[in-house]
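> Okay, here's what each chain looks like letter by letter:
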Amino acid sequence: MQQAGGSQSSWVRQYAFYFDSSACSGCKACQAACKDKHDLPVNILWRRVYEIAGGNWTKSGNVWIPGVFSYYVSMACHQCAKPICGDGCPTKAIYKRQDGIVLLDTEACIGCRLCEWACPYGALQFDEASRLMTKCHFCFDYIDMGKPPACVAACPMRALDFGELADLRKKYGGTNQVFPLPEAALTEPALVIKPHRDAPRATRDTAEVANWEEI
Amino acid sequence: MTGLAWKEWPLVGFTLLSQAAVGAFWMVAGASFYLESASGWNSRYLTFPFLAAVVVVLGLAAAVSLFHLGRPWRAVFVLNNLKCSWLSREILFELVFMALAASLALLVLKKVYRPTLVRILVALAFAASVLFIISMAKLYMMRSVPAWHGLHTPLSFLGTTLLLGPLGAAFSHDTLLDLGRKARPFLDAAAIVALAAVVLILLTIFLFTPGLGFLGSKKATLLELPAARMYPYLLFRLLFLSGTVLCSFLYYRNPTSPLLTLAFLSALAAEAAGRLLFYAVYSRLGV
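These protein sequences, in sequence, are chains G and S.
Numbering of the first sequence is given in the numbering used here, commencing with residue 595 and proceeding in unit increments.
Numbering of the second sequence is given in the numbering used here, commencing with residue 61 and proceeding in unit increments.
Hints should not be assumed to be uniformly reliable.
With a straight-line Cα cutoff of 25 Å, these simulated BS3-like cross-link-like pairs (lysine-lysine) come out [what the hints assert, rightly or not]: (1) S:Lys67 with S:Lys198; (2) S:Lys143 with G:Lys686; (3) G:Lys690 with S:Lys198; (4) S:Lys67 with G:Lys676; (5) G:Lys690 with G:Lys676; (6) S:Lys143 with S:Lys198; (7) S:Lys242 with S:Lys171; (8) S:Lys143 with G:Lys690; (9) G:Lys690 with G:Lys764; (10) S:Lys143 with G:Lys676; (11) G:Lys686 with S:Lys198; (12) G:Lys765 with G:Lys741.
Worth flagging that the hints you see were computed from the coordinates, not collected in a lab.
Let the sequences and hints guide you as you build the complete structure.
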C-alpha cells in the first residue's frame, strides 16, 4: 500500500510537476529513471515521453519549404485537483494526500479498471502480474525524505521540476495544457508547462503522436 | 479500435444478462399488475419459477462480471463508495433488486396471501431495477469518454432491456409462467414491446452511434473511431435484429414455439453484437 504520510511536506497544499517542453530533447531519461526506481514491469510506464509531429512541406515555385515541426511532452500522473480516476473508484482506493499527491491503495483496489478508462492522461495502468492498477505517486517516499522525484532528478536538460503548484505558477506561468493533453478544466491537473514554440500549431488535425509503439 | 471489445466479454455478459432479467421482470410484473393487480401466491405471472429465474440470471450476471476484476475475491469492497461511484451504486441496486425478487419468490413459494405486501415489493423491485439500469448507464457516461458520454449509452441499455426482457419472458413462458390457454395476449404484448424496442435501437444506431450516427460524437478524441472496423458489428446487429422482427411476425401468423425461440436467440445475438460495438468504440480524451 502507498502510505498516506507527508509529515515533511505538510506545508505544501498541492505538489505539482513543471515541464519545459522547449528544453526537452526526448532522451527519456525521466522515463527510464522512473521505471528503474519503481522496478516497473514491461508495458507499464508511469512517466511517458510523447513525441508530437506535424506540419508539412509546401511548394513555392521550384522550392519546397519545410513547415514540419516536432516536440516532446513528458507526462506522468498530474495529481489532479479533480481526480476523475478517483471519482468513479468503487472502493475509494484512489485518494489525495494532504499535500495533493494522488495515491492508490493497492490493498483496496479490486482491479475493475474503471480509473484506467477515465483518466485522460493514461496515468492509471493495469499490471497483468499483480492484477491491480498502478500509478505514479510522485515518488512520495523521496518527497518525505526531502529529495526530488526520480524523474526530476534524472533530467539532463532540467526540463522537469517540481514543487508547490502556486510557487511553480508564480515562477513559470499558468499554462497547463498543450496538444495532446486534454482540456485542463476536465481534471484540473497540478501541472505547469512551458510550451514548445511550435505547440500553438499543433492540433488534433495538424499533428499526431508519432511514437505510440514506444508508449 | 482499442481491442477493448472482446476483452470485455465479462461485461458484455453482465450487462446483457442483467438487462434481460430486468426487462423480463418489467414485462411480467406489468402484466401481473394490469391483469390481476399483482395479488400474490396464485398469480399466473409472478410465479415462483419466474421469480427464481430472475434471481438466478442476476446471480449469474454478477458471477460473470467477476471475471472482469483483477482481484475478484475483493469484490465485497465494491460498495465502499456509494457517495460518488456509479459502480458502487450499480451493484447496490442490483443486490436490492435481487433481494426483493427473492423475497417475492419466497412469498409465492410459501403461498402467503398478502396482496398489499406483494404490491409494495413489486413496486420497490421495479424502482430498484430502474435505478440499477440508470446506474449501469451512468457508470459508462464518463466526461473523458465522449463515445459513451452521450445519449447512446442510456438508450442502448434501455433498448436491450426492452428487447431481451419481454422476448425472454415470452420464450420461457411455457416453463416459467402459468398462463395456460391465456398466453396469447401476453405474448402479443411482449411482441409489441419488443418491436418498440427494435425501433428504439434502430433510432439509437442511426442517430447516436459514436463516429457513425448523425448526432453521435465524431472525431472527439485523439484516437479516431475507425468506422470501417465498426461495420461488421453493426451489420451483424442489423441482420439479427431483422431476424428477430421476421421470426416475431411469422410467429404472429403461425404460433409455433421454435419461431419464438428463434426470435429470442436472434435478439440475443443482435444485442451481443451491439454490446461488443459499444465497448469497441471506447476512446478517451487526451492520451
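> All hints are to be evaluated individually against the structure, with a verdict given for each.
Evaluated hints:
Of the pairs offered as hints, the one joining Lys67 (chain S) and Lys198 (chain S) holds, with about 21 Å between alpha carbons and a cut-off of 25 Å not exceeded. Using a Cα cut-off of 25 Å, the hinted pair Lys143 (chain S) and Lys686 (chain G) holds, with the two alpha carbons roughly 10 Å apart. Taking the CA atoms of Lys690 (chain G) and Lys198 (chain S), the gap is about 24 Å. The hint holds against a cut of 25 Å. About 29 Å separates the Cα atoms of Lys67 (chain S) and Lys676 (chain G), which puts this hinted pair outside 25 Å; it is violated.
Using a Cα cut-off of 25 Å, the hinted pair Lys690 (chain G) and Lys676 (chain G) holds, with the two alpha carbons roughly 10 Å apart. Distance check on the hinted pair: Lys143 (chain S) and Lys198 (chain S) sit about 14 Å apart at the alpha-carbon level, within 25 Å; holds. Taking the CA atoms of Lys242 (chain S) and Lys171 (chain S), the gap is near 22 Å; set against the 25 Å cutoff, the hint holds. Taken as a hint, the Lys143 (chain S) and Lys690 (chain G) pair is honoured in the structure, with Cα atoms around 16 Å apart against an allowance of 25 Å.
Using a Cα cut-off of 25 Å, the hinted pair Lys690 (chain G) and Lys764 (chain G) holds, with the two alpha carbons roughly 23 Å apart. For a cut-off of 25 Å, the pair hint linking Lys143 (chain S) to Lys676 (chain G) stands: about 16 Å separates their Cα positions. Our distance criterion of 25 Å between C-alpha atoms is met by Lys686 (chain G) and Lys198 (chain S), whose separation comes to about 18 Å. A C-alpha spacing of about 20 Å is found between Lys765 (chain G) and Lys741 (chain G), which places the hinted pair at or below 25 Å, so the restraint holds.
Hint compliance for this structure: hint 4 is the single one not met.
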